[in-house]
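Undergrad: Protein chains in written order, with my numbering: chain D, 87 to 384; chain S, 143 to 460.
These aren't lab readings, by the way, just hints derived from the structure by calculation. Heads up, some of the hints might be wrong.
[As the list claims (entries may be wrong)] Stretch by stretch, here's where chain D covers chain S in the computed footprint (C-beta under 8 Å, at least three residues): (1) 187-194; (2) 240-252; (3) 319-330; (4) 417-427.
Positions of the beta carbon are idealized from the N, C-alpha and C atoms, including for glycine.
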Amino acid sequence: MVKAKKGYRIKRSAGDKIVDVVNYVLLFLLSLCFVLPFVYVISISFSTEDAIGLYGITFVPREWTVEAYAYLFSEGGVIIKAYGYTVLITVLTTVISLFITGGLAYPLSKIDLPFRKTFMYYVLFAMLFGGGMIPTYLVVTKLYMLKNSIWSVILTSSYSAWNMIVMKNFFSRLPHDIEEAALIDGANEIRIFISIVLPLSKPIIATLSLFVAVGQWNNWFGPLLYLDNRVTPTLMLFLRGIISSSLNIGSQFDSSEAPPPQSVQMATVVACTLPIVCVYPFLQKYFASGVLVGGVKG
Amino acid sequence: MNVGETALKSRESRVKTLWGRLKRHKYLYLLMIPGVLWYVLFHLIPLYGIVIGFQNYTLASESIFSNEWVGFDNFRYIFESPDFTQILWNTVYMSLLKMVFGFFAPIILALMINAVTTGWYKKIVQTVSYLPNFLSWVIVFSVVDVLFNNYTGVFKQIFTALGWDYTDPTTSESSIIAFLVISAVWKGVGYSAIIYLASLSGIDPQLYEAAKVDGASRWEQLLHITVPGILPTCAIVLILSVGGILGGDFEQIFLFQGDNVIIRDMTENFATYSYRVGLQGFQYSKTTALGIFQSVFGAILIVVTNKLAGKFGYEGIW
């Protein structure tokens, strides 16, 4: 009896091993689907155009060069300007978004705040109904006169009700004893918020800042609506410009002296992606919690 | 000391009148000022701006809000236009396709990752599969172009080397829809799998132990423990995704449309149409009317699906 069971077990684990191997191999191939495109991108960005023409695109460049990057970042290069605007927009959006979001989330986490429920109903309503693309565009550009100003992109994306609710839920889970003690000691609620609540909320602040920053870095629609590529370029506008110009009218570069367009394009992709990859380990540390605050029970 | 404390407490508890509570929390209201200001400037005033949909706003108009009232003329025009049925169909069709494929792919990926017992391998696969979610569509589009283009694209080279014909799937009418769905799944699958991985890790390991003792095969364990374990999560994700069916993606669609008119007609959704016809074509009033239609029905869908998801244990974010 025992023997038979043992035998059965061994047989089963042999089958398991095959399933495991197949699973591992499939996941390896799947991972390649996510990684290989970027290997090619990096390879092209360091390749000479002659090598691309001769050998095609290879995993490792046949002829290495940093010409594309040198060209891209040469003095007066548009990408430097685009980098500047993108960093400025991203930093300002993140800071302002924390200011607005935290300022709403903390009071709304207080259950005895008068009109709290009313305001929360309004927040929900606003998540469902907004002006929509056209009215918002007209109000921002015609009424606030923010066309071609980076403030249009910053302000329209510096608040998200979703983030506010996530933060509010975090605040309401904090222990209230210290806050009450400080209140009795005569500290006002702004001081309590700044010197007691905020230091306890570092994880949620880090998570939301990273998400807002990455979202704004990647934002293409906002700059497309409000900004002019020639006046205030952002990285995404610049990248889209450089890719579509080659799609539509062939090369915009003078073929005799300019660096290879394809490698310049891919160098731009690398330059746009690199900051995201740099913050990626931090993102990864936090985002599981960020996704799961939605409240889905397992 | 004791007396003082009691006095303070009773004073606190006496503050029950509305005015008293308002006064007590005056600093909290002060904190809310930037947020309230944001809502007024970027929600309420643009929301009031939907009057444009009932008026005739033109480029020559001096004021946004006070133009000639035309009632529901803009709506009538939009609903009678052949564009309307086309973009409604495009939006719903694309959403449904993304919903179906975007639904099963993360579940399968999560089950596969969950079956991995080697810690470092699991971590690498996860790390790699999440990454595309954090890259913008512009970056993804650029990468796609270099891989698939008809001239120097990687696939062009491979096909040529094998002696096969190659057509760029991103500019061909027969494959663009599939390509849009695949690229969206590629970008989001890893990130969407997180919710299922969390749900999988919530399954009681004792169930598996017990099943093993009873001699259940791996397949049987999957069928009778794992799948029922994540079913509520699957149901909620699916139901909530129905709520977004009218909200087509702008960035992906607009990028891949490029200048191809046939592809544009096949993929134009509410967002890209509003941008192209409304902003670039100055048809502000008509596209505002279209936006109102989309928002009203979109909101109804979201409310209904959220209620429905609540029946499956979704607590919402409240």
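Undergrad: State for each hint whether it applies.
TA: Now the hints, each set against the structure:
no. : hint    : in the structure
1   : 187-194 : holds (count 7)
2   : 240-252 : violated (count 1)
3   : 319-330 : violated (count 1)
4   : 417-427 : holds (count 4)
Checked against the numbered hints above, the structure breaks hints 2, 3 and satisfies the rest.
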